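The task is simple: from the sequences and hints, build the whole structure.
The listed protein sequences correspond, in order, to chains A and B. For what it's worth, this note's numbering labels the leading residue of the first sequence as 1, then goes sequentially. For what it's worth, this note's numbering labels the leading residue of the second sequence as 1, then goes sequentially.
Think of the hints as simulated: they come from the structure by calculation, not from any bench. Since the model is a prediction, treat every value here as computed from it, not as a measurement. Where is the CB? At the ideal position from N, CA and C, for every residue including glycine. Check before you lean on any hint, since a few could be wrong.
What the hints assert, rightly or not - To list a few chain B residues with every Cβ distance to chain A over 12 Å, as calculated:
hint : residue
1    : V13
2    : D41
3    : R53
4    : G73
5    : L100
6    : W101
7    : V104
8    : L155
9    : P159
10   : R161
11   : R162
12   : P163
13   : D167
14   : R170
Said to hold, decoys possible - Have a look at the derived ranges for each label pair, beta carbon to beta carbon:
hint : chain 1 : residue 1 : chain 2 : residue 2 : range
15   : B       : L143      : A       : Q93       : 35 to 43 Å
16   : A       : G12       : B       : P150      : 47 to 55 Å
17   : A       : R66       : B       : R97       : 46 to 54 Å
18   : A       : L271      : B       : L157      : 44 to 52 Å
19   : B       : S103      : A       : K10       : 31 to 39 Å
20   : B       : W136      : A       : S62       : 48 to 56 Å
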Amino acid sequence: MEHSPPPFFKRGPAPLVRLAFFASLSLALLVLDARFRYAEGLRQALALAAQPLQALAVLPGSVVDRIAGYFSSQVQLRDENAGLRRQLVDASQSVQRLQAALADAEQLRRLAGVAERYRNRGIPAEILYDARDPYARKVIIGRGTQHGVRAGSAVVDEIGVVGQVTRTHAGAAEVTLLTDKDQAIPVQVQRNGLRAVAYGGGLSGLLELRYMAANAEIEAGDRLVTSGLDGLYPPGLRVATVVRVERDAANSFARILCQPAAGVERGRFVLVLNAEAPQTPYPEEAGAQRERDPRGGKPRRAHRKAADGA
Amino acid sequence: MGPDRPQRILLPVRVSWIVTSFAAALLLNFVPWHPAALAPDFVALTLTFWCVRQPRLVGLGVAWLLGLLSDAGSGALLGQHALVYSLLAFAAITLSRRILWFSVWGQALHVAVLLLFAQGVAALVRLAAGADFPGWSLFAAPLLGAALWPVASLLLLAPQRRPIEVDETRPL
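The structure is reproduced here in structure tokens:
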């Protein structure tokens, strides 16, 4: 009769086996997250667990800010106040002009029979901190789903587009900056209406227009604005200025680099603009809805009955 | 714990103290340090410490869970820190007997190698997922973390040190 020696020291599976188990679990999670984005539920639950610690960690910085603000000198405040007042006068003039232009545009749109876009107000938010990830360009803002921030919304500052909300938590949201390597934004050249897509340049802090023909009509100094074709970014927001165009006969595409207009990597206060119009359904979904329609189903059933009877 | 140096007898560790230290390390990691590239990974440091000191209590499972929490908190790929911390814990447990043989600065050198290895694995994972290499300054943070090793070992061992009682009446 065979028997193994009694286990004196129970220590579970061997360390190497454990390492293989946890490493393969991590690799599986990595693939699920990077390739298929299936792990969002787990991430939300874990983020909820980490939330109190994060809130506590940001606290000292905000307290220091508040104390520093209290002791900031009066001269500085007065200068700032005067500057802001001047800006307000400028801004109110342009608001009046804008309102007149908007009224005109709406009238023209009505005349042309185009559906009116409904506008909604932005959600002001403060940038809390840069995400602790040296491989991506992301910031965390202090407004989340409970304030109405939705994933996919555009984030702008007083000059132009800063980025896009990519992930939302209850009281905070993660904004991917325009300069992130995986971020893209549909743009239009203000001068001639040429459409393109601007991709983030990563570490360089620039944007790049890819897949533009070598003879595309674009030159250094051109301003790029959002085209609004994706239904997420409102049209006409400033995005970037073209700084360099390299046309090489060896390549069929031009290499076009642009400097972001807004303070993408600096600044503190931003505005979250939720997507303007609900997205139109895809053709297949619309087709499926029509098939489910009772009126659409009747003739087929009648046909089947006729076939059974025959 | 070298052969020629006297060694203090420590009190047994309390699990609540280990949990508290991990919570504090996570908290320190979530603090928005100003040059974010230079901020050492406090969780990795604390994990290395407990894996070296208490390899029976703190192991790969703890490391993996801490990694998942770090992933969710930092917005990195889910599983990145989990993988890195599991490997780090395994290496630290394997080397624990050897590391404790050295003086504090010798231990810090070993820890520097471990933390650099962990940062290298993280970089490999992100490069495989399509990120750009953010430059060699990436490896400054682990070195800074290893330089904090003496402070960490002083702080984390503090509750285990027995106060020295000088008993004048004792015969021996």
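Structure-based check of each hint:
With 12 Å as the threshold on Cβ separation, the claim that V13 (chain B) sits away from chain A holds: the shortest Cβ distance comes to roughly 18 Å. Once the 12 Å rule is applied to beta carbons, D41 (chain B) is inconsistent with being away from chain A; the minimum gap is 9 Å. Listed as outside the interface, R53 (chain B) is consistent with that label: its C-beta sits roughly 17 Å from the nearest C-beta of chain A, beyond the 12 Å cut-off. Against chain A, the non-interface label of G73 (chain B) is violated: not every CB pair exceeds 12 Å, the least being about 4 Å.
Interface exclusion of L100 (chain B) from chain A stands, the closest Cβ pair being 17 Å apart, more than 12 Å. Residue-level check passed: W101 (chain B) sits 20 Å from the nearest beta carbon of chain A, beyond 12 Å. For V104 (chain B), the requirement that its beta carbon stay farther than 12 Å from each beta carbon of chain A is met, with the minimum near 26 Å. Even its closest Cβ contact with chain A, about 18 Å, leaves L155 (chain B) beyond 12 Å, as expected for a residue assigned away from the interface.
With 12 Å as the threshold on Cβ separation, the claim that P159 (chain B) sits away from chain A holds: the shortest Cβ distance comes to roughly 22 Å. Non-interface status of R161 (chain B) relative to chain A is upheld: no Cβ of that chain comes within 12 Å, the nearest being about 28 Å off. Listed as a non-interface residue, R162 (chain B) keeps its Cβ farther than 12 Å from every Cβ of chain A; the least gap is roughly 28 Å. Every beta carbon of chain A lies more than 12 Å from that of P163 (chain B), the smallest distance being close to 32 Å; the non-interface claim holds.
No Cβ of chain A approaches the Cβ of D167 (chain B) within 12 Å, the least distance being about 37 Å, so the stated non-interface status holds. At the 12 Å boundary, the C-beta of R170 (chain B) stays outside the reach of chain A, the nearest C-beta of that chain being 37 Å off. Hint check: L143 (chain B) to Q93 (chain A), Cβ distance near 55 Å, so the stated range 35 to 43 Å is violated. For the hinted restraint 47 to 55 Å between G12 (chain A) and P150 (chain B), the CB-CB distance of approximately 33 Å leaves it violated.
Evaluation of the 46 to 54 Å hint for R66 (chain A) and R97 (chain B) yields a pass: the beta carbon distance comes to about 50 Å. At about 50 Å, the CB distance of L271 (chain A) to L157 (chain B) agrees with the hint of 44 to 52 Å. Distance hint for S103 (chain B) and K10 (chain A): a CB-CB separation of about 34 Å, consistent with the stated range 31 to 39 Å. Checking the proposed 48 to 56 Å range against W136 (chain B) and S62 (chain A) shows it is violated: the Cβ atoms sit about 33 Å from each other.
Of the numbered hints given earlier, the model fails hints 2, 4, 15, 16, 20; all others are met.
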